[in-house]
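Engineer: Please construct the entire structure, taking both the sequences and the accompanying hints into account.
Here the protein sequences line up with chains A and B, keeping their order.
Heads up, the first sequence is in this note's numbering, so the first residue is 1 and it goes up one at a time.
Heads up, the second sequence is in this note's numbering, so the first residue is 1 and it goes up one at a time.
I should point out that these hints are in silico values taken from the structure, not numbers from a laboratory.
In this text the structure is predicted, and so the values were computed from the model without any measurement.
A hint or two may mislead.
To be verified - Restricting the straight-line Cα-Cα distance to at most 25 Å, the calculated cross-link-like pairs of lysine to aspartate or glutamate (DMTMM-like) are:
| id | chain 1 | residue 1 | chain 2 | residue 2 |
| --- | --- | --- | --- | --- |
| 1 | A | K297 | B | E134 |
| 2 | B | K213 | A | D281 |
| 3 | B | K213 | A | E293 |
| 4 | A | K297 | B | D214 |
| 5 | A | K398 | B | E134 |
| 6 | B | K213 | A | D197 |
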Amino acid sequence: MSSVNTSGISLKITGGRLFDGQGAEQENTALLIRDGRIAAVGEAAARETADETISAENSVITPGFVDLCCNLREPGNGQKGNIASETLAAAHGGFTTVCASPETSPVNDSSAVTHLIRDGAASRSPIRVLPIGAITRGLEGDLLSDMAGLASAGCVAVGNGSRGVRNARILRRCMAYAQTFGLTVMFSPENQALAADGYAHDGLVTSRLGLLGIPEVAETAAVMEMLLLAEETGVRLHLSQLSCGRSVEMLADARSRGIAVTADVAMHQLVFTEDALAGFDSRFHVRPPLRGESDRKALIAGVREGIIDAIVSQHQPHDTAAKQAPMAATEPGLSSIESVLSLGLELVEMNELALPDLIRALTTGPASVLGRTARLAEGETADICLFDPDAFWTPNSKTLVSAGRHAPVTDRELPGVIRLTLSEGRKAWSQAVI
Amino acid sequence: MTANDSSPHHLQLTRDGQLRHFLTLDGLDRALLTDILDTADSFIEVGERTIKKVPLLRGRTVVNLFFESSTRTRSTFELAAKRLSADVLNLDISTSATSKGESLSDTLLNLEAMASDMFVVRHSQSGAPHFIAESVTPGVAIINAGDGRHAHPTQAMLDMLTIRQHKGQFEGLKVAIVGDVLHSRVARSQIRALNELGAEEVRVIAPGTLLPKDVESLGCTVEYDMTRGMKDLDVVIMLRLQKERMEGALLPSEREFYRLYGLNQQKLALAHPECIVMHPGPINRGVEIESAVADGPQSVILNQVTNGIAIRMAVMSMAMGGQVSERQQKLSERGQA
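Structural biologist: What follows is the structure, given as structure tokens:
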């Protein structure tokens, strides 16, 4: 089940439906992979012979998925997961690149921790791990971290995970300092004073169940503040995990005024609403909270129209105890990375999202936020995902790889089985290997 | 999209619609609520006897599991269980295990080892009794004695019993609930009960800071002005105001609250002349209610306390009955298989 070292071996994928990441879609073509790169595409590839040939009949071939928000739980939270377990889960979900959240223990606010993560990934991850550095020391929201040091150690952006900063003055300085080094700032917008002790959307379900609400304005006020500060400081801002329809409107407006801002949304925000909490289901205690149906629709429209660049997993594996309690006492987050594609394909099935839009938001969209490419063209790195959109699987303790067992769906079949994930030409996940 | 259907009302009913837990009034229909009131009526007579006992829970162990302290609710649950001939154990968890860092799941495992038949649960977190009902061994009934801001279904039912005693029926009644609805589990359960039982109008009267978001969706109208809101009322229910509400900037002062939303004789005179005054207790005299009103002829506050025992006897015996018949059904199915 773990990665098989096949570098040096050539591999040919024939047939299937190929999305090259540049908007072109081809049927029944061929891909030749050699030395970790795509050596040829189309006729040129079809003519070549390879050590192994894989038929992609009935399958879709895309660039490997890129996740801008993933918690690997290492260092420090081994009871919830580790680099080996969670990157393998990511490969099982079709991902070849994941950004590792700075919310580890200790938090990733120094080059030492960054190196620890990169070394762990180098020896135990079948896919690429790109660390995100903490923008404030200890993620406490008070003092600047050594951002330049984090960048040279390999952090691709800086952010505050799901935690806010003390006030707008600190935030403004964080942005100005990050801008000095051309670092992208990734923020999950939440005004802490407005969110207070809340843990669910302040709406109908919360009012009925007597849960403590997080009002929409906790997000929208923070989005507005961040957009204004980004405009003023000139920093490249990425808004992580939006949950409100109103945020999408503000984002579109900022884009139209030329502000350098990108954004993502977690897949579960596109699928579920506050109704998921109706039975006090602590699994759906997520942050930002699941909001109303109109928000869900607006977020999907945002993805469709390209206002939201990326769909992320916001993967947060937990030990059972962290989720087994009345909602207020549980930790937020879903073990979601293995179900992202399947949930997305259900949206496609329901005509809420087109397949090319879904693939873009999982590949080229997030890649471009990181200044990277995700293309199936000659000379490109062979990061490839091959999935059967019409095959079904049921997420459960037998089929899930992540150490976290609270997947968004565990009791029914989902469409979309990942048959093969290639990371730099190596098999990071292969259905045949299970 | 709904992620699951383990909503509380599925959890608290047997397949044939009997009560097996009592967690919330959501999902319980008028027939079942009326059944609870009728059963409670029959228990009122028990309280008037010299020997105040019936053998319905003889040999059963009821554990009062109070994670949040309460004198009145706990003692009426205790009396109710004893009048049903159960053995009763009172556990004040707020001062024991959980303060030492033990999780709720672990506390439960330990308590289940004592082979109890019923847990009466009070907890400061909304949904805690629901969580316990989901994780407890089959056959053990859970009764919600108040959870966070969510529900206090026995309180609401004893209030309904009190209203029925004084008004005969619910049809045509205009009822107002006044004060801190936002933090009130009692108000949520009352609004639900009054709607299901057919009250004509449920009004909430409070400033905007003490109302939950979209409160109308719970089945009520909103009135900010109490003088207007008192008009034509048949029942006025006052809620307790916690002193800490000033600190969170929800209210400026007790004095201003009392002036605007406190119930005095002048305001009560604006209601229907036979309007009854209720309060779940404990009352704050001079904060939400004037002494002359609390102790006056229209007040039924002490009836509420008496009815509390009968309602709790009704709910406990019905939930135990549901658990027993469910077990018998399973045994007979296994016998047939």
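Engineer: Work down the list of hints and note, for each, if the structure agrees.
Structural biologist: Results of checking the hints against the structure:
For the given pair, K297 (chain A) sits about 32 Å from E134 (chain B) by alpha-carbon distance, which is inconsistent with the 25 Å threshold. Under the criterion of a C-alpha separation no larger than 25 Å, the hint pairing K213 (chain B) with D281 (chain A) is consistent with the structure, at around 21 Å. About 16 Å separates the Cα atoms of K213 (chain B) and E293 (chain A), which keeps this hinted pair within 25 Å; it holds. Note on K297 (chain A) and D214 (chain B): the hinted pairing holds, with a Cα-Cα distance of about 20 Å set against a maximum of 25 Å.
A threshold of 25 Å between alpha carbons decides the hint, and for K398 (chain A) with E134 (chain B) the separation of about 23 Å falls inside it, so the pair holds. For the suggested pair K213 (chain B) and D197 (chain A), the alpha carbons sit about 16 Å apart, so the restraint of at most 25 Å is met.
The structure fails hint 1 only (numbered hints given earlier).
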